[in-house]
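**Q** These are the residues of each chain, in order.
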Amino acid sequence: MATTCVVHSYRGGTGKSTTTANLSVLLAALGKKVATIDLDITSPGLHVIYNVSTQTMKYTLNDYIYNRCAFEDIVLELTNHLKLPRGSVYFLGSSMRPEEIVKIIREGYSEGFFHHVSKNLEEGYGVDYVIFDTHPGLNEDTLLAVMASDVSLLLMRMDKQDITGTYITSQILKKFGRLSYVILNMVPPNLAEAPDLPSEVSGIIEATVIGVLPFYEEVLSHRSRGVFCLHHPQHPYSSQMLKIAKKLLQLTSVEEMTIDLTKVKK
Amino acid sequence: MSVTRRTYFTSVESDKDLAMRKRLRDLMSNMETNTEEIENIISSFETRLENISKRLDSLEDRVSRLEKKSSLL
Chain W
1 MATTCVVHSY RGGTGKSTTT ANLSVLLAAL GKKVATIDLD ITSPGLHVIY
51 NVSTQTMKYT LNDYIYNRCA FEDIVLELTN HLKLPRGSVY FLGSSMRPEE
101 IVKIIREGYS EGFFHHVSKN LEEGYGVDYV IFDTHPGLNE DTLLAVMASD
151 VSLLLMRMDK QDITGTYITS QILKKFGRLS YVILNMVPPN LAEAPDLPSE
201 VSGIIEATVI GVLPFYEEVL SHRSRGVFCL HHPQHPYSSQ MLKIAKKLLQ
251 LTSVEEMTID LTKVKK
Chain V
1 MSVTRRTYFT SVESDKDLAM RKRLRDLMSN METNTEEIEN IISSFETRLE
51 NISKRLDSLE DRVSRLEKKS SLL
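Read top to bottom, the protein sequences are chains W and V.
Using the numbering used here, read the first sequence as starting at 1 and increasing by one per residue.
Using the numbering used here, read the second sequence as starting at 1 and increasing by one per residue.
These aren't lab readings, by the way, just hints derived from the structure by calculation.
Don't be surprised by glycine CBs; every beta carbon is placed ideally from N, CA and C.
Where hints are given, some of them may not hold.
[To be verified] If the Cβ cut is set under 10 Å, some of the chain V residues that face chain W in the computed set are:
#, residue
1, M20
2, I38
3, E60
[Unchecked claim] Derived Cβ-Cβ restraints for the label pairs, each shown as a range:
#, chain 1, residue 1, chain 2, residue 2, range
4, V, E60, W, K119, 49 to 55 Å
5, W, P188, V, T35, 23 to 29 Å
6, V, D15, W, E218, 17 to 23 Å
7, W, S202, V, L27, 21 to 27 Å
8, V, K16, W, R223, 39 to 45 Å
9, W, K119, V, I42, 35 to 41 Å
Given these sequences and hints, build the entire structure.
**A** Take a look at the structure:
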């Protein structure tokens, strides 16, 4: 069964889309089939990082929701486009056209939509991971995506606004019993080296920190012109992101192993 | 061109969807958030972060001084 992950943050600009794109190619490098879905409906941009033109992205999630195309029309396989040696990456984009954005904001998605998309991707394409890149904040559609997913990856900067907002988000997720993990992004270099930083953050957010990504000038200068890890595979950011990908694999595999052990005991 | 929204699921699933939305709205409406308590928690955390940062700066200074001393030897 495909594992669904949602990448979320309380505030914008935390690096959700960058994280989604980089995580997807690294999971593929680890042999997985990954689908990424741009659910940031008011400001979609994942296709920019993947270097997918609007001409290539003939149909979007918006078209599918309004019955203008078949499901296969919105699934783009990017494996060859990204020159990935292993695994696969599929992408489902959202429209950047203001008239489409306004319509979907007004009418929203439904919780059934997420299951439907994940199920189609699993059955039709055999994907192992479905990653939803979401709109920031505590809006209903984003929270529905969080509730519909197996794992939430909460992205935050070491900024008081982010910390406060992520704390509030974690309180909501706790009430719903959702499994969430934290990724600290753009951490000031001196703080990134503090060995007790992950445990301090885990203590307050009450979710395990699975990665600490320092602020790197090079990532900022890259300016979303492609997936950073593919352009700079030896960079420390890419190494850190690979650790996060491996951690995510391990965490989601352990759950499966626990289920298998239960079967063996019986 | 059709402008009808696609239906993904049966009426049973539609009811489930509406129930989930209601649950989410009810939960958030009834959270009784104590903003003062949150501010205290975050302030306390910020103080701990500040201490961690100062400790690291102090360590860096010491390492820097040690390096200077050893270069003179």
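**Q** Now tell me, hint by hint, if it's right for this structure.
**A** Comparing the hints with the structure gives:
no.: 1; hint: M20; in the structure: holds (5 Å)
no.: 2; hint: I38; in the structure: holds (7 Å)
no.: 3; hint: E60; in the structure: holds (7 Å)
no.: 4; hint: V:E60 - W:K119: 49 to 55 Å; in the structure: holds (52 Å)
no.: 5; hint: W:P188 - V:T35: 23 to 29 Å; in the structure: holds (27 Å)
no.: 6; hint: V:D15 - W:E218: 17 to 23 Å; in the structure: violated (50 Å)
no.: 7; hint: W:S202 - V:L27: 21 to 27 Å; in the structure: holds (24 Å)
no.: 8; hint: V:K16 - W:R223: 39 to 45 Å; in the structure: holds (42 Å)
no.: 9; hint: W:K119 - V:I42: 35 to 41 Å; in the structure: holds (40 Å)
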